[in-house]
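S.K.: Work out the full structure: start from the sequences and follow the hints.
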Amino acid sequence: MRRRTDQPHVNVTNAVRRRAPGEIATQDEVDLYVRTYSTVLRSSGFIKLRALVPAHLGVRSSLHGDGASTAPDAGAFIYAIHRLPAIIRDVECIVLGQLPEQFNRVVGRPIESWTKVSAPARRRVWHYDGESTLAVHIASPSDLDDVVPTLVAYEIEWNKLHALLNADPESLELLRLPAEPDGDRVAALGERLGFSADDWLP
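Under my numbering, the first residue of the sequence shown carries the number 2, and numbering increases by one thereafter.
Any given hint might turn out to be false.
[Stated by the list, open to error] Once the Cα atoms are required to be at most 20 Å apart in a straight line, the calculated EDC-like pairs of lysine to aspartate or glutamate come out as:
no.	residue 1	residue 2
1	117	132
2	49	102
3	117	130
4	117	144
5	49	132
6	117	102
Keep in mind the hints are simulated off the structure, nothing from the lab.
M.R.: See below:
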């Protein structure tokens with residue numbers, strides 16, 4: 002499974018029909034999402050996370066209610082960050098499996114020597130090769146139902162922020178300042194990126 006490149010993968014505003022406020026996904030839409038990622042993950046070779054974006058947005062989960070908006074969904078992004086290892090920002094390839102031999106067959110070498118990493122809000126075994134590949138241990142279908150939507154939500158929100166920063170040189174300059182950011186600088190950056198103070202500030 003491939004994560005991101007240097008460019009946003011999808012125009013989220015055109016990826017899915019917008020719902021009326023309060024409208025929830027039908028069971029058929031939820032089933033379609035599960036079937037989509039279950040099917041593509043059984044295929045040989047790597048897939049791009051962007052292939053799962055339309056089905057993800059079609060569900061319009063309460064945890065990612067603003068996924069189809071061009072504005073960042075701070076709640077969804079923070080939720081995903083807490084459930085993924087911090088090194089996810091450096092990852093380009095994600096391998097999911099159950100047994101060591103499955104991982105070894107895909108990556109061509111044992112992952113036991115890789116660095117074990119963890120996520121703040123999930124007890125799950127992850128191994129990182131120190132470069133760009135993350136191995137995720139999946140013990141049950143419920144693990145898959147947790148990991149995949151979290152990765153797709155992170156991908157969508159990462160790309161939104163990437164696009165906003167590329168379009169706003171002043172925000173990039175704020176991020177590049179070497180000094181530890183003070184409250185005013187953090188608030189200014191949050192406002193420019195569309196985060197409310199409640200989402201951005203402690």
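S.K.: Now, for every hint given, state plainly whether the structure supports it.
M.R.: Hint check results:
1. 117 / 132: holds (13 Å)
2. 49 / 102: violated (23 Å)
3. 117 / 130: Distance of about 9 Å is within 20 Å: holds.
4. 117 / 144: The given pair, whose Cα atoms are some 18 Å apart, holds under the 20 Å limit.
5. 49 / 132: holds (19 Å)
6. 117 / 102: holds (17 Å)
In the structure shown, a violation is registered for the earlier hint numbered 2 alone.
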